[in-house]
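S.K.: Each chain, letter by letter, is given below.
Protein chains: 4
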Amino acid sequence: MAENGEPRIRLGMVGGGTGAFIGYVHRIAARLDDDYELVAGALSSRPDVAIESGKNLRLAEDRIYTSYEEMAAKEAARKDGIQAVSIVTPNHMHFGPAKTFLEAGIHVICDKPLTSTLEDARALATIKPKKGAKFLLTHNYTGYPLVRQARELVKSGALGKIRIVQVEYPQDWLTEAVSSKQADWRTDPKRSGAGGAIGDIGTHAYNLARFVTGLKLDALSADLTSFVKGRKLDDNVQILLRFQGGARGMLWASQVAVGHENGLKLRVYGEKGSIEWVQANPNEMWYAEFGKPRQLLTRGGSIAGNVAPAMNVRIPGGHPEGYLEAFATLYSQFAEVIRGNGKAYAGILPSLADGVEGMEFITAAVQSSKNDGKWTKLSDV
Amino acid sequence: MAENGEPRIRLGMVGGGTGAFIGYVHRIAARLDDDYELVAGALSSRPDVAIESGKNLRLAEDRIYTSYEEMAAKEAARKDGIQAVSIVTPNHMHFGPAKTFLEAGIHVICDKPLTSTLEDARALATIKPKKGAKFLLTHNYTGYPLVRQARELVKSGALGKIRIVQVEYPQDWLTEAVSSKQADWRTDPKRSGAGGAIGDIGTHAYNLARFVTGLKLDALSADLTSFVKGRKLDDNVQILLRFQGGARGMLWASQVAVGHENGLKLRVYGEKGSIEWVQANPNEMWYAEFGKPRQLLTRGGSIAGNVAPAMNVRIPGGHPEGYLEAFATLYSQFAEVIRGNGKAYAGILPSLADGVEGMEFITAAVQSSKNDGKWTKLSDV
Amino acid sequence: MAENGEPRIRLGMVGGGTGAFIGYVHRIAARLDDDYELVAGALSSRPDVAIESGKNLRLAEDRIYTSYEEMAAKEAARKDGIQAVSIVTPNHMHFGPAKTFLEAGIHVICDKPLTSTLEDARALATIKPKKGAKFLLTHNYTGYPLVRQARELVKSGALGKIRIVQVEYPQDWLTEAVSSKQADWRTDPKRSGAGGAIGDIGTHAYNLARFVTGLKLDALSADLTSFVKGRKLDDNVQILLRFQGGARGMLWASQVAVGHENGLKLRVYGEKGSIEWVQANPNEMWYAEFGKPRQLLTRGGSIAGNVAPAMNVRIPGGHPEGYLEAFATLYSQFAEVIRGNGKAYAGILPSLADGVEGMEFITAAVQSSKNDGKWTKLSDV
Amino acid sequence: MAENGEPRIRLGMVGGGTGAFIGYVHRIAARLDDDYELVAGALSSRPDVAIESGKNLRLAEDRIYTSYEEMAAKEAARKDGIQAVSIVTPNHMHFGPAKTFLEAGIHVICDKPLTSTLEDARALATIKPKKGAKFLLTHNYTGYPLVRQARELVKSGALGKIRIVQVEYPQDWLTEAVSSKQADWRTDPKRSGAGGAIGDIGTHAYNLARFVTGLKLDALSADLTSFVKGRKLDDNVQILLRFQGGARGMLWASQVAVGHENGLKLRVYGEKGSIEWVQANPNEMWYAEFGKPRQLLTRGGSIAGNVAPAMNVRIPGGHPEGYLEAFATLYSQFAEVIRGNGKAYAGILPSLADGVEGMEFITAAVQSSKNDGKWTKLSDV
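Protein chains in written order, with full-length UniProt numbering: chain Y, 1 to 381; chain L, 1 to 381; chain F, 1 to 381; chain G, 1 to 381.
It should be emphasised that the hints constitute simulated quantities derived from the structure, not laboratory data.
All clues stand as given, with none of them false.
A pair counts as met if it fits within one copy or between any two copies, since identical chains are not told apart.
Straight line, CA to CA, 30 Å or less: simulated DSS-like cross-link-like pairs of lysine-lysine:
id	residue 1	residue 2
1	Lys272	Lys229
2	Lys155	Lys229
3	Lys99	Lys74
4	Lys272	Lys377
5	Lys216	Lys272
6	Lys55	Lys134
7	Lys55	Lys79
8	Lys74	Lys55
9	Lys370	Lys161
10	Lys190	Lys134
11	Lys232	Lys374
12	Lys161	Lys229
13	Lys374	Lys161
14	Lys216	Lys370
Computed from a predicted structure; not experimentally measured.
Can you make the complete structure from the sequences, with help from the hints?
M.R.: Below, the structure written as structure tokens:
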């Protein structure tokens, strides 16, 4: 990927104006491997912010838009129009742009969760994209090389049949009542959807477990809590998991777990082995074979052997890669998909179907919790 | 404690013959602080083993017994008879000896869980001990200095109101079907009771959380699994917890979690702070205040201040103490209780009431799991 | 930095053809914050590789050069010629290009060590750059946010007067005799200079200690060893350090330390506090105040307070940044220097003077080792 | 060992009165495995303290002595006299008692370093013990199971020929000028000898490296510093090491390294593998084979295989053992030596010869430092 002479893909962006967190991350991800060139944007719902932000990003004046509909229409009509668009708005503003651009024949890169309601998600899944426009959901943690390697280890049978999946995602930034651009929409049911922590980070945890194990979740029993007075959405999520095939699991996500910045952690136990990976130090992963000492695998380290291209190890072991690199891997591999060279990433890059499943997970968790933890099947929501 | 000229307490032992694990541990614990002298034993239900074991422990011939009933009767009648007895038999053999010795006016030190059934536990709680005979349940993990300090931190309000309790106890020694002295009785409902992992280690995890937080458990929703073919009792336990006052928690105990030797770990999160403690490296504990860097406390380290006597720090920080020292702390502090100097340990040393509560926890978990995870109150079992 | 509308700086590159490690790193660093645009290159001393590599990087045909002299001359003559150049050749090929471009009025970004001989380094320091052309030495580890914070902590007096500096940089990739593009020139005195491990990684360790503590090294006593048969340069370096003002230290660098990928680690102890930082997990740093529990600081975490702009924290704590981001920070801050906005980075970005000092360190170490560890002053070489 | 019916060894103690640190440790070590019975003592040079301390330890009145000479004479004359004695006085008071008891035919267990001068050490080595009285030097860190396993790994060739030995022992308790029973004699040349940190902890570090690698030290180059104003002995020690056979090493010991309680750490690198062990968490050890992921060995864990009896693993992996257990292992294995069953421990238990070598190390370090770091051979002091 990158640096092979192929032209850059022309990219637009919806949302992500100056000061936004995730839009900034998407832009770095897009340019890190040199596969994209940002040429257009509808960067804010506020026209002044949209224009100022566009200038800051050196966009040509006629490609700074104040509505995504306009951008879709005009760019689709240009010869040198954007080939792909990144949607980095709050959850309730994913559906509209995603539908519009797909139907305009423009590839879509969309932040997670897919939408703010399961209905929207399912509706989006029925869209017929024009000209084979493709879709990427940025479940960015799946881009970490060792997460990919964990998935390979499971697939290879090294862990044996999976029995137990323990996944957690504790944070502490909502420990107290706070108000900020980031906090406000995430704790507002209108913009975030019916889930708080469950939608913002629980879905990451679920997706990570799903991605690494390949197991489908059969049913869950959830206890969603809101600890901070006046908060309308859950800020703490505790869930029992039953996977198809018999594996059991637990999922904990919290925004009030003092001392945790971003403590995403996955542990998978099979009949023969286990792995443990922690996002805060993503260049290491524990691997245990039953009856042998635990081994500390490193990104690109010795056990990796012939590292699969999907792992995208840019620099040798010991030179840590991080969050931005993992994010960039999704972008650069999606570029290959767009160019028609994406075979190696089939089933690996997070898809629209994954997005729908994520919304089913959120919906089932909210329902189960309302029903006092009743075991709820994903297929029943 | 110890080394203050007070005479040693004369101790007997039931169970713990040559080759037993926990009896050996109890003996080291008894002598480490020099507060006890082992002088009598009914060390095995097999007479030959009882006699051989007694000789190995240098017991006088007339104080090597082949039944605990005989030992209770004869020792109670001797002027220099035992003052206390350690019961280190499998679970179903706790009730009989405990009742007998208490009624003989001999202090009892009993391994956990208290009994193999809740009925036995409750029956034991109604016994009238002769001559004020006292009872100690060896929930040994409560003897670790940093566990005591964690409890003090919670009590002091440093963590604020507790919101979340995450506790786990993974092991891997029963990953495959095995047969050994240790494994056999622990996987046999007749000797172990209705719980497998839940009774053997889940109860430790529960007790630890209870001890540190001081919170009473209101209800639980459990999913008990038996992964190994042919195993009659659970080997994996996943439970949602609701404490009185609103705190929520999760408890995971497993005997099939590949890569874990004895991974007891407790995390407690309050409105203002949190702690994290891992038994495998018990001389360190994380402490976080909201909005400040996490601190790594050490056993006897700087933050401990005037270390409470209950913490029993024998040697300075940096010289690690371990499992045996924690166990010994229970023994030596119980010696003080026996001597009438035990005020400082009131509410700290695990009691018969704690044992009953532990059996309620096990029973509720088994019931809840049979009822497909129905929330079950401890007060309803 | 970046994303503020300022035009990108036009960049050229010397060395770094397809397959090179450090050139690739420089290119990612250059584009990560969107401050540069690579428009010209003399990417290899082999014309075919130079041309092929230029195409892969989408350079215009007339800006793919086969000699750096030609590139300097032609680019200096173009109106849209490069404003800066990255030199990423083996050590002995730093001097020529650096001199040429500086004298052509083009800013220079040069990999470390500065040159292959102290003479070259000193000669370079006497060059008169045309049009105020500036120089950046990519001692990339100084770009890590927590390294910057460590420096701030020392400067603030939080550690008190520094007493002890322990720094190490163990690797294991040259444990056996190997031959590869990377290994060959690094173990060849003609291309690498008189130092092996001392020049390749020892100089990084030294620079890191120097950067964080601000202390000047007075003298050293070195023991350089070559463990692998037939190797012409040192592969293991052990040095005692005496700093001006009385602090003492040790430096260990090794390419044969089995089990270490890239184990750069710095520890600094003062009269009141200490810090410890490990490159492999660069988002955490230990900070100890005497008599208090150790604290684990995180990149962008709570203690950082008003994070100085020099720290360049792109994403919140818990989202790990790595090697490429630290490298990119040097690039983007040098862009500010080029644009005349570089005040905040004065004394922070590694300079030509730092490069000369690095060569004095290497030279003193080699001399001391030849003299059986005689204490050697940097001012005497 | 222990619990096999053999009678306890009758033990006396010189030094170790109430309030002493190391005497208390020796007593716990003596009783932990039930191989000794403390029956006599000359516990302090102050008669009142000696008597009070003896009572606290329940010694018979006629076996509480106020001079060690008297104790040696009277105990040697008793039928039930002590068979062994523990010497736990400050360094300058090791020689007299050791000589006296050995010549009285009583086994000696002596704290380290052997003496306060090399002359005393060498003189002691020429003593002819009566009745084959034996000698144990309590270099207690060699009693840790994983330290023993490290030694086995080296001996087995798993690491290949040793190239590099990095050992360190940082503490911070003397960071400031302090006065206490423990601090006073350790910083007083008259009681401690010519070395401060070098004698108190440097010698532990050296002994540990020597024990694990089996390598003899050829020469050293030392830089000893005293950072605290008014302190008469070194409080920081930095040494380059050259072992016979070509291995190189570094040793750092410090009493002013803020943030370290007792940071003894050993790393050994060979041509094929390496190990790393840290005393503060002694139940884990890193083991790396070149080209493979690092493995985390545990005390009694899976790789231990048929654990050699020398390792003395009392309880299963995951149940941490600590400092006292390691100390106790020296005691219980020396008990076997006394009983004539000590074959398995030949060359393992620290001996008088090890004590002499330790004094040569201290002496060479002090000399080298006085000679501005001149390489000094141990054979030349």
